[in-house]
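Asks: Please construct the entire structure, taking both the sequences and the accompanying hints into account.
These protein sequence lines are chains Y and B, in that order. For what it's worth, our numbering labels the leading residue of the first sequence as 1, then goes sequentially. For what it's worth, our numbering labels the leading residue of the second sequence as 1, then goes sequentially.
Hint data in this document are derived by calculation from the structure and do not stem from the laboratory. All the pointers check out, no bait thrown in.
A few chain B residues that face chain Y, going by a derived Cβ cut-off under 7 Å, partial list only:
hint, residue
1, L319
2, G401
3, A416
4, M427
5, Y430
Yeah, the Cβ is synthetic: ideal placement off N, Cα and C, and Gly gets one too.
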Amino acid sequence: MLLALVLLPIVAGSAMLLSRGEDRRTYRGIGVAVALATLAIAVAARSEDWSVPWLRAPFVANFHLGIGTLAFWLIALLALCTACAVLAVDSARPRALVGQLLLLEGAMLGLFVSRDLLLFALFYDLMLVPVFFVLLERSEHPRDAWRYIIYNFAGGLLLLLATAAFGVLHGTTDVIGSAGNAIAGAWAPWIFWGFAIAFLVKTPAFPLHTWMPNTYASLPAPVAAVVGAVQSKAGLYGFFVVALALMPQEVARYSGALIVIGSISLLYGAVAALVQTDAKRVVAYSSLSHLGLIVIAIATQQPLALAGAALYIVAHGLFTAALFIGLGYVEEREETRSLARLRGIGAKNPRLAGALTIAGLAMLGLPGLAGFVGELVIIAGIVQSGNIAVAVVAVISVVLASAYVLRLFQGIVNGPVVHDLPVRRDLTWREGIAIAPLLLALLYLGVNPHAVLAGGAVAIPRAPLSSTSGVPTP
Amino acid sequence: MTLPFTHVDWAAIAPLEVLAATGLLVLLLDLVLRPFAPRALSLGIAILGTIVTAVTIGQQYGTNVAAFNGGYIVGNFSVLFGAVVLLGTLGALALMGRGGGDRESAGTIALLLWSACGALLLTGASTTMTVFLGIELLSLSLYCLCGLADRASAREAALKYLLLSSTASAVLLFGMALLFGASGSVSLAALATPAMVGNPLFWMGSGFFLVGIAFKLSLVPFHAWAPDVYEGAPLPITAFMTVVTKAATIAIFARFAYAALPSGASQVLLLPVWIVAGISMIVGNVGMLAQHDLKRLLGYSGIAQVGYILAALAGTTRLGLRYAFFYLAVYAVMNLGAFAVAAALSTGDAEEGARLETYRGLGARRPLLAAAMTFFLLALAGLPPTAGFLGKILILAATAGSGYLWLAALLLAGTAISLYAYAKVIMAMYRPDHRVRAAEPVRSAPLPWVSLALCLVATVALTFYPLLPTGLLPLVK
Numbered sequence: 001m002l003l004a005l006v007l008l009p010i011v012a013g014s015a016m017l018l019s020r021g022e023d024r025r026t027y028r029g030i031g032v033a034v035a036l037a038t039l040a041i042a043v044a045a046r047s048e049d050w051s052v053p054w055l056r057a058p059f060v061a062n063f064h065l066g067i068g069t070l071a072f073w074l075i076a077l078l079a080l081c082t083a084c085a086v087l088a089v090d091s092a093r094p095r096a097l098v099g100q101l102l103l104l105e106g107a108m109l110g111l112f113v114s115r116d117l118l119l120f121a122l123f124y125d126l127m128l129v130p131v132f133f134v135l136l137e138r139s140e141h142p143r144d145a146w147r148y149i150i151y152n153f154a155g156g157l158l159l160l161l162a163t164a165a166f167g168v169l170h171g172t173t174d175v176i177g178s179a180g181n182a183i184a185g186a187w188a189p190w191i192f193w194g195f196a197i198a199f200l201v202k203t204p205a206f207p208l209h210t211w212m213p214n215t216y217a218s219l220p221a222p223v224a225a226v227v228g229a230v231q232s233k234a235g236l237y238g239f240f241v242v243a244l245a246l247m248p249q250e251v252a253r254y255s256g257a258l259i260v261i262g263s264i265s266l267l268y269g270a271v272a273a274l275v276q277t278d279a280k281r282v283v284a285y286s287s288l289s290h291l292g293l294i295v296i297a298i299a300t301q302q303p304l305a306l307a308g309a310a311l312y313i314v315a316h317g318l319f320t321a322a323l324f325i326g327l328g329y330v331e332e333r334e335e336t337r338s339l340a341r342l343r344g345i346g347a348k349n350p351r352l353a354g355a356l357t358i359a360g361l362a363m364l365g366l367p368g369l370a371g372f373v374g375e376l377v378i379i380a381g382i383v384q385s386g387n388i389a390v391a392v393v394a395v396i397s398v399v400l401a402s403a404y405v406l407r408l409f410q411g412i413v414n415g416p417v418v419h420d421l422p423v424r425r426d427l428t429w430r431e432g433i434a435i436a437p438l439l440l441a442l443l444y445l446g447v448n449p450h451a452v453l454a455g456g457a458v459a460i461p462r463a464p465l466s467s468t469s470g471v472p473t474p
Numbered sequence: 001m002t003l004p005f006t007h008v009d010w011a012a013i014a015p016l017e018v019l020a021a022t023g024l025l026v027l028l029l030d031l032v033l034r035p036f037a038p039r040a041l042s043l044g045i046a047i048l049g050t051i052v053t054a055v056t057i058g059q060q061y062g063t064n065v066a067a068f069n070g071g072y073i074v075g076n077f078s079v080l081f082g083a084v085v086l087l088g089t090l091g092a093l094a095l096m097g098r099g100g101g102d103r104e105s106a107g108t109i110a111l112l113l114w115s116a117c118g119a120l121l122l123t124g125a126s127t128t129m130t131v132f133l134g135i136e137l138l139s140l141s142l143y144c145l146c147g148l149a150d151r152a153s154a155r156e157a158a159l160k161y162l163l164l165s166s167t168a169s170a171v172l173l174f175g176m177a178l179l180f181g182a183s184g185s186v187s188l189a190a191l192a193t194p195a196m197v198g199n200p201l202f203w204m205g206s207g208f209f210l211v212g213i214a215f216k217l218s219l220v221p222f223h224a225w226a227p228d229v230y231e232g233a234p235l236p237i238t239a240f241m242t243v244v245t246k247a248a249t250i251a252i253f254a255r256f257a258y259a260a261l262p263s264g265a266s267q268v269l270l271l272p273v274w275i276v277a278g279i280s281m282i283v284g285n286v287g288m289l290a291q292h293d294l295k296r297l298l299g300y301s302g303i304a305q306v307g308y309i310l311a312a313l314a315g316t317t318r319l320g321l322r323y324a325f326f327y328l329a330v331y332a333v334m335n336l337g338a339f340a341v342a343a344a345l346s347t348g349d350a351e352e353g354a355r356l357e358t359y360r361g362l363g364a365r366r367p368l369l370a371a372a373m374t375f376f377l378l379a380l381a382g383l384p385p386t387a388g389f390l391g392k393i394l395i396l397a398a399t400a401g402s403g404y405l406w407l408a409a410l411l412l413a414g415t416a417i418s419l420y421a422y423a424k425v426i427m428a429m430y431r432p433d434h435r436v437r438a439a440e441p442v443r444s445a446p447l448p449w450v451s452l453a454l455c456l457v458a459t460v461a462l463t464f465y466p467l468l469p470t471g472l473l474p475l476v477k
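Replies: Set out below in structure tokens:
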């Protein structure tokens with residue numbers, strides 16, 4: 001089942017890429033069906049565990065698949081976002097786009113169900129490929145594709161080196177899902193930073209973020225939605241299952257550095273979002289800011305902050321996907337993303353304006369929507385850990401968030417109708433259905449955050465490490 | 001006069017005999033049947049003969065024979081490296097089956113097979129004499145093959161290869177003479193005695209020997225000939241050189257490094273080789289960036305890939321040898337795959353598939369070929385889900401495990417650079433390009449497609465079922 005979960009979208013996506021024809025309905029239909037099927041399989045296979053030997057030397061590695069708690073929520077988020085994104089595809093060449101979206105889903109599903117670090121690293125690199133190809137075909141300038149692939153591939157190589165070193169020292173890489181200090185001694189800091197930098201590139205965090213705004217701006221909206229919502233979480237997921245679970249000592253030792261990185265991302269992202277003129281770039285920089293908050297939460301290792309981080313990971317995914325899809329609709333209608341040009345969507349397309357507003361309010365942390373609970377719990381956790389100064393920084397960033405979200409919506413939604421912009425029809429049923437589930441999920445998690453929190457999404461499984469070569473923990 | 005050899009000796013080199021006989025047969029049949037039979041017949045016989053050779057060599061797996069007074073040693077080492085040699089030969093023969101290419105006659109095929117004989121000899125050679133015999137047999141045929149195409153670059157390639165390779169041979173021979181002077185024996189095993197550590201002749205001899213090998217492996221700073229020669233030679237010959245010559249030379253290097261060096265000298269003597277391997281990774285990958293010819297690009301890529309393989313051997317550990325072999329096999333498959341795509345895009349001497357401009361907009365014109373090329377290039381860069389990825393991580397583990405962290409770091413840096421170079425080709429294929437006219441479809445022959453498909457399957461399969469041979473050591477008796 002777990003294998004089918006990973007292979008289904010990959011096979012379907014590959015078949016789609018090799019097929020001929022450009023019928024939007026067919027490709028969308030198949031894509032949505034596949035994405036929903038993966039969701040169903042994930043729910044059904046939640047407690048499964050599947051393992052086949054892979055390498056015996058120089059370290060033990062297995063094809064070990066299983067679904068952890070946090071991974072389950074990420075998989076659900078991924079399947080939902082993919083379904084919505086596929087439904088939102090409205091390109092003249094839908095075949096490649098839907099196909100690559102499915103490949104991307106497959107690679108990321110593989111990442112989240114991997115219980116082996118080497119397998120994790122494999123999927124971590126694999127998920128770059130579909131995005132790179134979409135960028136190659138659709139971005140205005142090849143530079144964007146380059147930046148994306150070079151940054152992320154370099155991160156992937158670091159992950160690979162860290163994984164190899166981890167495997168050689170620890171004896172096995174079949175460790176995801178277990179906990180304890182797997183590595184100790186002189187190598188531990190190097191390995192930790194290898195992993196950490198790889199994850200920070202992907203998240204991204206300051207100063208490794210420079211690939212991100214261009215990538216998000218150049219990607220077609222549906223792909224940007226999945227990349228912004230879920231691929232950015234791969235690094236954070238890595239922090240949870242690798243750094244926090246296997247090297248808590250190192251996280252504690254370098255928490256100061258991580259907090260500084262997170263705080264700079266938080267503030268820099270918020271300030272940069274305030275001055276962008278491209279609507280998609282506003283969301284991109286806001287993402288830098290929000291994910292910085294999660295990096296801080298991880299660095300504190302406070303259970304409360306981590307619980308909040310898990311919830312916020314899901315919430316951020318939902319509102320980012322909704323915003324990118326919504327802004328994609330705006331771009332399709334108005335043929336521009338420039339905040340200087342856009343005005344008055346509210347009057348022309350009230351349904352679209354409403355959807356955008358809900359997603360935006362979730363982003364600025366309005367109570368009742370999921371983003372608020374996540375931020376609140378994280379900040380409470382930071383306060384609990386005693387880092388009052390950091391908590392103050394976090395609160396400042398929340399204030400800045402209101403400013404840039406309001407600026408975005410003042411610009412797009414309100415104001416008089418601009419006459420030289422085309423007037424197009426409001427959201428169709430298909431477009432509405434592509435964005436509604438995300439908004440409903442935001443609302444649901446906003447009033448019932450326990451669905452994620454009480455599931456103990458962050459309760460790192462306390463299974464003992466499966467190898468004896470590691471240093472035992474007290 | 002009776003020869004002092006028994007049937008055991010002759011049985012040990014049975015694969016060579018089969019291969020050499022196939023070459024003769026191809027040549028003779030062509031003489032008799034030329035008016036009636038098409039070139040496909042020669043090619044078919046050659047392929048069949050190579051497969052029979054592969055079977056013969058497969059039967060030697062697990063045996064351990066020192067034939068010809070220890071001049072040729074059959075063991076898992078020779079069998080496995082021999083398998084890669086035959087793989088490369090088959091790949092090159094398959095590329096000869098592309099459309100057109102009348103120059104690649106029966107004589108060409110025979111020369112190619114005899115060249116492969118020399119490579120096979122190298123995989124088992126364990127005296128300096130057999131090493132030299134193998135190297136010359138391998139190279140002499142290649143000198144002719146390089147100049148096959150009717151263009152200036154081919155003649156240049158042939159001459160360059162002849163001159164530089166002869167120089168390398170001379171250096172190698174000088175080193176061998178000094179080594180003979182040091183040990184009083186042609187046997188490589190005779191060098192592995194502690195007495196050698198204090199012998200200056202041994203140090204000088206080994207140094208010249210290694211320089212000769214580095215020339216043949218086109219390691220930096222002896223690499224400049226490789227891209228020029230690869231560019232000039234016909235497509236199948238380039239494919240052959242990138243795989244077979246490398247495999248055979250690496251086999252010799254491994255045997256020398258693992259079995260012929262006294263433990264006191266090994267680390268000191270080989271350190272320059274590891275440094276050169278590290279520099280090769282960087283120079284090879286940087287060199288790829290500016291290329292407009294696929295064969296040149298893959299030539300530079302080969303310089304770097306040899307660096308990776310040598311990195312696995314750093315520290316001369318048992319594991320390192322296994323991973324080096326694994327990566328060599330993977331490199332052979334993905335490299336031959338890339339060449340097969342180029343061949344499928346080519347007709348005879350024109351070799352459209354070797355020019356990178358052919359790949360502009362290929363994604364729209366020939367989606368299958370473009371996808372296959374993308375796959376092989378990503379594999380060469382080391383991205384999953386290809387065996388190149390697994391090979392890289394194994395090399396990393398071996399290199400880091402034996403303490404050569406700086407080499408592992410160079411490997412990563414080189415890999416990052418290489419991705420840019422490979423991705424440039426991929427970008428040319430998939431970037432929508434309006435300057436490209438809808439080119440007339442080239443009709444491709446079936447043989448490169450078969451080769452392409454097999455390479456594709458192998459590249460994926462090796463990721464999930466890594467073929468990590470055991471029992472490669474001992475290398476000498």
